[in-house]
Amino acid sequence: MARWTPGGCVWCGSTDSVETFRNEPRCGLCREKEAVIDEAKHFIGMYGLRPLGGTLASEDDEEREFRVNARDAREVLNRIRLEKLPDPAAVRKALRPRAAAAVNAPASPSSTPAKAPTKKSQAGVTGIDAIELQSRVEKLLGQLTAVDEQISALDGVQGLPARARMKDLERQRTTVLTTLAALEKARRRTN
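The working numbering numbers the first residue of the sequence shown as -10 and each following residue consecutively.
If you're looking for bench data, these hints aren't it; they were derived computationally from the structure. Because the structure is a prediction, the values reported are computed rather than measured. Heads up, the beta-carbon is just placed ideally off N, CA and C, and yes, glycines get one too. Be aware that a few hints might be false.
Only pairs whose alpha carbons sit at most 30 Å apart, straight line, appear in this in silico DSSO-like list of lysine-lysine [unchecked claim]:
#1 Lys73 with Lys30
#2 Lys30 with Lys156
#3 Lys174 with Lys128
#4 Lys128 with Lys30
#5 Lys156 with Lys174
#6 Lys156 with Lys128
#7 Lys174 with Lys30
Ranges between beta-carbon positions, derived for each pair [unchecked claim]:
#8 Thr(-6) with Asn67: 16 to 24 Å
#9 Glu121 with Ala142: 14 to 22 Å
#10 Ala175 with Asp50: 17 to 25 Å
#11 Arg70 with Gln123: 40 to 48 Å
#12 Glu21 with Asp76: 22 to 30 Å
Model the full structure from these sequences, guided by the hints.
Laid out in structure tokens, this is it:
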């Protein structure tokens, strides 16, 4: 397996289109796969869903697509990973000359300090689409109705399989209600 050399990606050792990503040099493929995982984490966090990893169990097709894409990206990253990751101090030391050159570069006289975006303008960028939110709520309400119907059909049935199925349905119902609560919270934040 390859070893890391200065100028290469700290994850896989590749020297193909290396750029700084999260304060360390990463190649194009690694950055792309990390972006897929970040996108999935953002989607899951936005709706308050179960974290990535473990199972692909999902509430709907869109969530499943994000989970599958993240799993595939993680698999690629794990497959190309260096056997021994470089020492962070060695990576910082390798990056230091570039940082010193950037500090010593003359500033253009017309440069003005960049203003941080206001909280209001940031909210518009990360805002949740109300139509998408409503469609997810409607799907979840449909699921809740179906689960409640199955629970009422099992009501009064005895036996171990029926109890296990009832427990599973109660768990599904709790998951749907939790997701609905998270969506309501997200809707209130947008208003």
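Straight-line alpha-carbon gap Lys156 to Lys174, limit 30 Å: Cα-Cα ~27 Å, so holds.
Hint consistency between Lys128 and Lys30 [alpha-carbon to alpha-carbon, up to 30 Å]: 21 Å, holds
Range agreement (Cβ of Asn67 with Cβ of Thr(-6), hint 16 to 24 Å): Hint holds: Cβ distance 21 Å, inside 16 to 24 Å.
Consistency of beta-carbon spacing, Ala142 to Glu121, with hint 14 to 22 Å: For Glu121 and Ala142 the Cβ distance comes to about 32 Å; the hint is violated.
Hinted pair Lys174 and Lys30, Cα distance within 30 Å: 18 Å, holds
Ala175 paired with Asp50, Cβ distance criterion 17 to 25 Å: 19 Å, holds
Pair hint outcome, Lys73 versus Lys30 [Cα-Cα no greater than 30 Å]: 26 Å, holds
Whether the CB-CB distance between Arg70 and Gln123 falls inside 40 to 48 Å: 41 Å, holds
Asp76 and Glu21 - C-beta distance against the hinted 22 to 30 Å: 25 Å, holds
30 Å limit on alpha-carbon distance, applied to hinted pair Lys30 and Lys156: OK: Lys30 and Lys156 at ~29 Å, within 30 Å.
Pair hint outcome, Lys174 versus Lys128 [Cα-Cα no greater than 30 Å]: Roughly 17 Å between the alpha carbons, so the hint for Lys174 and Lys128 holds.
Pair hint outcome, Lys156 versus Lys128 [Cα-Cα no greater than 30 Å]: 22 Å, holds
Hint 9 from the list above is the single one not met by this structure.
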